[in-house]
Amino acid sequence: MIFKSFAAFVLSILLSFLLLLGNSSFASEIFSDKVLAFEIKPNVCIVKKIGQQCSLTFTVQWQTVEPMDVCLIEQQQVLQCWINEQQVDESTDVVLQQSTKVDLVDNTRILLAQEDLQVNAAQPKNRRRRLRSAWSLF
Amino acid sequence: MKFMLLWLLWLPFLLVADEAVEKDDEQYIDIGQWQVSVAVGVGIKTNPLVDGDHIPLIVVPDIAYYGESFYFDNGDLGYTWLDDPLISLSTLLRVNTERAYFSFWHPSNIFLNAASSADSAGGGTLPGQSGFELSIDEVANRRYALDAGVQSLWYFNHGGRLLLEWFNDVSGVYKGHHGQMSYAQGFKAGDVQWMTSIGINYKSAQLVDYYYGISDRDEVFDSYHYQGKQSVSPVFKLDMRYRLNDNWQLLSFVRFELLDDGVKNSPLVKHDYVATGFVGVSYDF
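Residue numbers (our numbering), protein chains in the order written: chain F, 1 to 138; chain V, 1001 to 1285.
Treat the hints with caution; some may be incorrect.
Stated by the list, open to error - The following residues of chain F were derived to be distant from chain V, with all beta-carbon distances above 12 Å:
#	residue
1	ILE73
2	ILE83
3	THR92
As the list claims (entries may be wrong) - Facing chain F, a subset of chain V residues (Cβ under 7 Å, in silico):
#	residue
4	ASP1030
5	LYS1045
6	ASP1073
7	ASP1076
8	LEU1077
9	ASP1218
10	PHE1221
11	HIS1225
12	PHE1253
13	PHE1256
Unchecked claim - From the structure, some residues in chain F lie toward chain V, with a derived Cβ separation under 7 Å:
#	residue
14	ALA37
15	CYS54
16	GLN77
17	SER99
18	ARG127
19	ARG128
20	ARG129
21	ARG130
22	ARG132
23	LEU137
24	PHE138
Simulated from the structure, these hints should not be mistaken for lab results. From the three backbone atoms N, C-alpha and C, an ideal C-beta is built for every residue, glycine too.
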């Protein structure tokens, strides 16, 4: 019986870690065979406190199998476009309110590749949520 | 049927809400600082057991301390592994409260014995008699247990949060487990802040049997013997707060749990519910 209880507890812990894994995401993903490479550096923007605007100048590098018309967009806003290019290594500016994704799309807006842009706080947070209801002792 | 009743109790509060509580400051706490509040008022927590004393609520503390990861909150000692805007995940230790119903030393026995011990006259009825009850004064002592568990909170828009908890006895007392699932919703109606919650408590057969089962250990007639079964109980909570100034607030809460057959069929159990109510004022130190 003790073993059964212990096994149930271990299973709970394992499920918890699965939740943790499920919450993580990959930084960059390529969705089209036409794209050979896609990278944004840096992809982390630091603010003093979460909620503040973050201005980031990043370098975008991409390469396709043939010359293409592509655009870089963030939250439906076009950051930059290129016409009939096959390889690019350029700087771009963006102002972020929160962590987001940057998409590389073709001239029909089909998603070719995607990368996360993270907004992190430099200072540790000084408040957190209570995990138990107030006045719950009884 | 029980669940339907509780849902019907819950829904009107949503209908009268002016607005949902998006970010309730009362739910946040400064890291690295003790938060100590004391409420003084009138209240009671009923005791479902035969000859069990109701617990008067005159002074109710609210004590919490949160570090970056470790925390203490009203008896919980935990470590938070994940805390982001949508989900939190913690492991924690908590003293099991089931034993409190059997206590002979809680405040009601000292201060308010006459007023609160409505069921204290006499022992149990004999097997076969109406009620078929057995007093907690006539059975063996039940021990306190220490539980270790996992808790996850899922946060939704408009102030809603889903709580999932699972605990196992790590003290070897009842050798079982229990869990809770509940959904809480905060909202404001005028200047009054409400928090309502509905959920279910699960208790394993081992837990129910240790505390509410009757066996040879109790040295009573065999006909009293009872084997506890797992139970699933609906729980309803409603908290109300009205802040008067930075330190003082009016406070009221109501909690109600309907006991499942696995518990209430025990000869030790007289009432098939546990009700808690309190009205008072609180001071934040």
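Practice item. Mind listing which of the numbered hints don't hold for this structure, in increasing order? Key: 8, 9, 10, 11, 13, 14, 15, 16, 17
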